[in-house]
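Sequences and hints are given; from them, build the entire structure.
My numbering puts the first residue of the sequence shown at 24, with every later residue one more than the last.
Quick caveat, the hints were computed from the structure, so don't treat them as lab data. The structure presented is a predicted model; accordingly, all values stated were derived computationally and were not measured. No false leads were slipped in.
Below, computed lysine-lysine pairings styled on DSS-like, alpha-carbon distance capped at 27 Å:
hint	residue 1	residue 2
1	Lys-53	Lys-140
2	Lys-53	Lys-195
3	Lys-140	Lys-195
Per label pair, the in silico range of CB-to-CB distance:
hint	residue 1	residue 2	range
4	Leu-180	Gln-112	34 to 42 Å
5	Ile-178	Thr-68	26 to 34 Å
6	Thr-68	Tyr-189	31 to 39 Å
7	Thr-182	Gln-112	31 to 39 Å
8	Glu-47	Ile-178	14 to 22 Å
Backbone N, C-alpha and C define an ideal beta-carbon position, used for all residues, glycine too.
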Amino acid sequence: MSESSDLDQERFSSDDLIPLVYTELRRLAKRRLSDDRAGQSLDATGLVHEAFIRLSRDPNCQWNSRGHFFGAAAEAMRRILIERSRQRQTQKRGKGTPHESLSPEAEVSDRDERLIKLDEALDELEAVDVRKARLVKLRFFVGLTNEEIADALEIHLATVNRDWAYARAWLKREMAD
Numbered sequence: 024m025s026e027s028s029d030l031d032q033e034r035f036s037s038d039d040l041i042p043l044v045y046t047e048l049r050r051l052a053k054r055r056l057s058d059d060r061a062g063q064s065l066d067a068t069g070l071v072h073e074a075f076i077r078l079s080r081d082p083n084c085q086w087n088s089r090g091h092f093f094g095a096a097a098e099a100m101r102r103i104l105i106e107r108s109r110q111r112q113t114q115k116r117g118k119g120t121p122h123e124s125l126s127p128e129a130e131v132s133d134r135d136e137r138l139i140k141l142d143e144a145l146d147e148l149e150a151v152d153v154r155k156a157r158l159v160k161l162r163f164f165v166g167l168t169n170e171e172i173a174d175a176l177e178i179h180l181a182t183v184n185r186d187w188a189y190a191r192a193w194l195k196r197e198m199a200d
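Put into structure tokens, the structure is as follows:
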């Protein structure tokens, strides 16, 4: 029996599921972070570990499927990345205290600004269409391919392709300056 079908057969606690998906999630996080600016303090291992800490805080949390777990992991990674971008913005603005110099981590990049805009637009998309917002989270924050998203959400690849095209156009319009 394959790992994926094992996960779909019963409910798993985070303690049961984490070892089964750790390597895959770390690979996906590494791919997601590969285009981020050099010198950032968070690497794929750090992102995955921080996500796992957040996911394991609730000892009663049960995952219905692999897709359910990846959805929760995507949301955890989203929150981590957004929080770090907001912290860099706050540090740049100095919280009202003048700073002589900033650490490289404190520098706000265009990427931070876009990430925060994406987060806000995703909240709006989620109010309009939950599935499309989940798809964006899985693709952008976890780095799943359309085929992997179809498997995780248990929908047809053609539906994923249509939803991705719609969500991408919707987000582009919402995030336009």
